[in-house]
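Asks: Following the hints, complete the assembly by docking chain H onto the known chain E.
Respectively, the protein sequence lines represent chains E and H.
With this note's numbering, the residue at position 186 of the first sequence is 291, and numbering never jumps.
With this note's numbering, the residue at position 113 of the second sequence is 218, and numbering never jumps.
Any given hint might turn out to be false.
For identical chains, the list gives no copy identity; a pair is met inside one copy or between any two copies.
As the list claims (entries may be wrong) - No farther apart than 30 Å at their CA atoms in a straight line, the calculated lysine-lysine pairs in the DSS-like style are these:
1. Lys211 x Lys162
2. Lys162 x Lys223
3. Lys162 x Lys203
4. Lys223 x Lys288
5. Lys223 x Lys205
6. Lys212 x Lys162
7. Lys383 x Lys356
8. Lys212 x Lys223
9. Lys320 x Lys288
No lab work stands behind these hints, which were simulated from the structure alone.
The primary structure of each chain is shown beneath.
There are 2 protein chains.
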Amino acid sequence: MAESFVLHGAVIYSRDLKNIAAFPSAWVVCDGGISKGVFETLPDEYRDLPQTDFGNKLIMPGLTDLHVHAPQYPCRGNGMDLELLDWLDQYIFPEESKYKDLSYAKKAYSLFAEEMRKGPTTRACVFSTIHPEATSVLMDLLEETGLRTYVGKVNMDRNSPDYYTETTEESAAATRSWLEAVKAAGYSRTRPIITPRFTPTCTRELMCALGELAKEYDIPVQSHLSENLSEISWVKELESDVSCYADSYEKAGIFGEHTPCVMAHCVWSDDEELSLIKKRGVFIAHSPESNINLSSGAAPVRRFLDMGLHVGLASDVSAGSTTSMFSAMRNAVYASKLRWRLMDQSLRPLTFQEVFYLATKGGGAFFGNVGSLEAGYEFDAVVLDDTPFLTSREDETVLHRTERAVYLADQRDVAAKYVAGRRVF
Amino acid sequence: MAESFVLHGAVIYSRDLKNIAAFPSAWVVCDGGISKGVFETLPDEYRDLPQTDFGNKLIMPGLTDLHVHAPQYPCRGNGMDLELLDWLDQYIFPEESKYKDLSYAKKAYSLFAEEMRKGPTTRACVFSTIHPEATSVLMDLLEETGLRTYVGKVNMDRNSPDYYTETTEESAAATRSWLEAVKAAGYSRTRPIITPRFTPTCTRELMCALGELAKEYDIPVQSHLSENLSEISWVKELESDVSCYADSYEKAGIFGEHTPCVMAHCVWSDDEELSLIKKRGVFIAHSPESNINLSSGAAPVRRFLDMGLHVGLASDVSAGSTTSMFSAMRNAVYASKLRWRLMDQSLRPLTFQEVFYLATKGGGAFFGNVGSLEAGYEFDAVVLDDTPFLTSREDETVLHRTERAVYLADQRDVAAKYVAGRRVF
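Isolated chain E (complex conformation) (with noise of 0.2 Å):
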């Protein structure tokens, strides 16, 4: 499916977390799905290629949502005034029990894919119910919008509502029987990822289950991590023989250890959950809209950037309102500049460039050799067009207008999307 082809208009992308390439004028190749790279001048080479000309809108990377809740998208931007438990009794436990029904499913998950597939996301990290044929829906319409995608069936055996919930056998026989239902469905983009809710809601027991299930199927796991202090102390009542929380999933083998591993939030990290973090390669999902609506705090981002950890942005959606990734990229510098102003002026702000980097590069690299127009990366674009956003000024350069973009574009402004070297809006 992926084609060889040229595209021309304003392109940046970032090299590494402090520096960011930008050319008013430029070709980016495709070749067979794998970028050649970004050229001022067309090599002769690639001349026959087809071109498309963008005129001056901007090409950037495609961008990575490292952790977004399918079934919670009817949800956004309500009950925003909770805490995380009391929002998920309230609002999440009810709506994703309606997910049983699979016409619900199919008519609120095809709402959900269709902005996935305008919006600027190429690549996610997604959350389904515990229902597995709802899952299957879900991964099926993905599967069409061309996006890459990894998606979890959840699991919960414990401390979830009565109409919300699983045995410990139900729950790894489901999650079984739905890995063999991905095999015969025969995805080409559409990858599935174990996942578990999150402590409190999975004994150790379904955690192991799930642990064994990721080494057998050889697929990476997903799911929360240190969000709210108030959770973090229920793990500490419900799990009494972990050392932090990330040690409730490294006892069960499935933080890292065997298959690749990405944890949404680590607002409240500690020490020792940071570095078990380093000592596995678990990605971190940054959510910062998520952990501002939810009153949860803001994650110190310079932190783990400064210990090498593999960080990447998150919209969380519905405890972030929108699948929008210039948002992430927007709130993880409003995030990081209240933590240094109120809390600790020894973690300085994340600028643009690094929030740009994280939704590109950082996000990206959970799925390869993915976040940049360089050579050798898979090819993910994002054509945005800003004209909404032009001024009066004749000294903008890139840099200013994707920078402008970061606060003011949504979904709404994307132009056209590749991913895998293929156009998919």
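Replies: Frame of chain E, contents of chain H only:
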């Protein structure tokens, strides 16, 4: 110009800080520019008025932006990695100095005015630059939008760059001649407001001269107060005889003693300053995104409300990135949550109901009986098309829809707007 008519739609407005009135289907009646109230059944006496049916769209009061810098509009979303004083030097003063050129002023202000016309703001307190002619250009353009605004020529006679400053005499004289030009222009919707930039750039002599002009012309005053810790230290160095930053305005008679006064920020106002704000009935223009972007902090709005101070919301473009007051509302919630979690758990976060009140009745009060659809208020209304945000949920209320719009909407979602009984968009 004001007309009499009836609108139909889903209607929402604040009764007070804690209570919102919401109707899935109701009629709003405008009689010669004044609201007659909201009715679930249209009273017979209004049945002959022209009706516009907005179906299921949301009709809410117009939103008031208590502090916005029109000439900074081209800089929005840029330079956000700087703090206040560096940002002024590197981005803002160079941009504002361009408005000496009336052709640039016309070009730049036209874009600003057009966005204000189409966006959700119906009332605004607007800063111009030091240039009297360019200020008149801005007022001409805002008059055409139909919005009701206060617009101020900025004054600055010290600590300003050579290329963008006035002498004390020039500043006072230019202000007087600008006020005379405003009188002659005979605007019906656009009023002048005395606008010392802030204490660091205005000598006491100039402040006092401005105080005399405010009294003589009987017009209000706007400025900045206690935004940033470095700025506050600087004021204490510059003004050895003041007991608090606000006292530098009070000593010049422009802190609400003679005419109304609105001050942006008050992030770090101390007890004495807050007492003076209360005594003088000064309005606080809470500018949450600006305060985050410039790493200034998060104003203690809960405390302002508990003290019974007048508070409204502000975009503070371009320290705030957008003119959208939906953004100001959500950022007010964000800032209050991180302030609570990271700094001071004695001040509860703001709720959706509270920020909705602040954006409507709170700020509207600076303009008189403004900010509600209740009987007796000037008829300012925004019709919001939230179709893009509708979901698969069947139990969504007008309150759910409005809270979601606060998180997801921007200028593009406004379907119609009325100011003082006149449709302007």
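Asks: Taking the hints in turn, state whether each one holds.
Replies: Hint check results:
In this assembly of identical chains, the alpha carbons of Lys211 and Lys162 lie at most 30 Å apart only when taken from different copies (26 Å versus 35 Å within one copy). Taking the shortest alpha-carbon separations for Lys162 and Lys223, both the intra-copy value of 16 Å and the inter-copy value of 24 Å come in at or below 30 Å. Taking the closest pair of Cα atoms, Lys162 and Lys203 come within 30 Å of each other only across two copies (27 Å); inside a single copy the shortest separation is 41 Å, beyond that limit. When the C-alpha separation of Lys223 and Lys288 is checked against a cutoff of 30 Å, the pair qualifies only within one copy, where the shortest distance is 27 Å, while the shortest distance between copies is 51 Å.
Taking the shortest Cα distances, Lys223 and Lys205 sit within 30 Å of each other inside one copy (27 Å), while across copies they are farther apart (43 Å). When the C-alpha separation of Lys212 and Lys162 is checked against a cutoff of 30 Å, the pair qualifies only between copies, where the shortest distance is 22 Å, while the shortest distance within a copy is 34 Å. In this assembly of identical chains, Lys383 and Lys356 lie within 30 Å of each other by CA distance solely inside one copy; the values are 16 Å within and 58 Å between copies. In the homo-oligomer, the alpha carbons of Lys212 and Lys223 lie at most 30 Å apart inside one protomer (17 Å), although the nearest pairing across protomers, at 33 Å, exceeds that limit.
With identical chains, the CA atoms of Lys320 and Lys288 are at most 30 Å apart within one copy only, with a shortest distance of 15 Å there and 79 Å across copies.
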